[in-house]
Amino acid sequence: DGGITQSPKYLFRKEGQNVTLSCEQNLNHDAMYWYRQDPGQGLRLIYYSQIVNDFQKGDIAEGYSVSREKKESFPLTVTSAQKNPTAFYLCASNNPGLLGHTGELFFGEGSRLTVL
Amino acid sequence: AQSVTQLDSQVPVFEEAPVELRCNYSSSVSVYLFWYVQYPNQGLQLLLKYLSGSTLVKGINGFEAEFNKSQTSFHLRKPSVHISDTAEYFCAVSESGYSTLTFGKGTMLLVSP
Chain A
1 DGGITQSPKY LFRKEGQNVT LSCEQNLNHD AMYWYRQDPG QGLRLIYYSQ IVNDFQKGDI
61 AEGYSVSREK KESFPLTVTS AQKNPTAFYL CASNNPGLLG HTGELFFGEG SRLTVL
Chain B
1 AQSVTQLDSQ VPVFEEAPVE LRCNYSSSVS VYLFWYVQYP NQGLQLLLKY LSGSTLVKGI
61 NGFEAEFNKS QTSFHLRKPS VHISDTAEYF CAVSESGYST LTFGKGTMLL VSP
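Residue numbers (my numbering), protein chains in the order written: chain A, 1 to 116; chain B, 1 to 113.
Note that these hints are calculated values from the structure, not bench results. Nothing here was measured: the structure is a model prediction, and the numbers come from that model. Watch out, some of these pointers could steer you wrong.
Result set (DSSO-like, lysine-lysine): computed pairs, CA atoms no more than 27 Å apart in a straight line [stated by the list, open to error]: (1) K78(B) - K57(A); (2) K57(A) - K71(A); (3) K9(A) - K105(B).
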């Protein structure tokens with residue numbers, strides 16, 4: 001079945017350590033997105049990529065980095081510079097280039113990062 | 001720029017009662033509207049969407065929503081809720097011709113027996 005796979009589901013790290021969250025999709029979508037979710041704050045866009053080897057900052061990119069070396073993969077690194085990294089992270093994808101594209105997003109199951 | 005307001009952060013309701021979750025948006029152009037549902041520690045799942053045509057849209061799990069252009073609203077309704085409907089619900093909007101989806105802050109639906 002086509003979908004988006006995020007791993008790991010749960011991750012614990014010590015303060016000051018970098019951590020990388022994986023996101024893989026087999027939907028053949030061009031665009032991929034990373035969102036951060038905190039209680040009561042909805043979804044905030046961290047980074048997005050509309051094509052391989054290119055990506056743009058979202059609203060809260062500070063302390064995060066991404067890469068897009070393959071169409072299927074869009075890993076997110078939470079660096080030690082991120083002041084408050086404990087959160088639920090969601091990866092999503094869509095195909096903006098399709099005729100009649102509506103903006104609908106397809107989501108992975110999320111990764112919960114806890115920094116101790 | 002588009003924006004979405006979900007007026008209620010939490011809606012408590014008893015099982016088998018009706019429920020309405022409110023969503024208002026602002027945009028100067030034609031829009032597409034979406035409702036997503038999120039169960040605890042899971043991703044977002046599409047509940048229903050309005051693209052064009054009939055203003056009453058039916059989705060999964062017995063939910064429906066009505067697009068009201070004059071009031072710029074897209075409220076979600078269900079005539080009789082179940083315990084299993086307990087989840088967070090997000091309203092989202094995109095403008096025709098663009099790919100960016102803007103989300104509201106979410107409404108937590110709490111169904112009790």
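The hints, checked one at a time:
1. K78(B) - K57(A): Status violated; Cα separation ~38 Å.
2. K57(A) - K71(A): Holds - the C-alpha atoms of K71(A) and K57(A) are around 18 Å apart, at most 27 Å.
3. K9(A) - K105(B): holds (23 Å)
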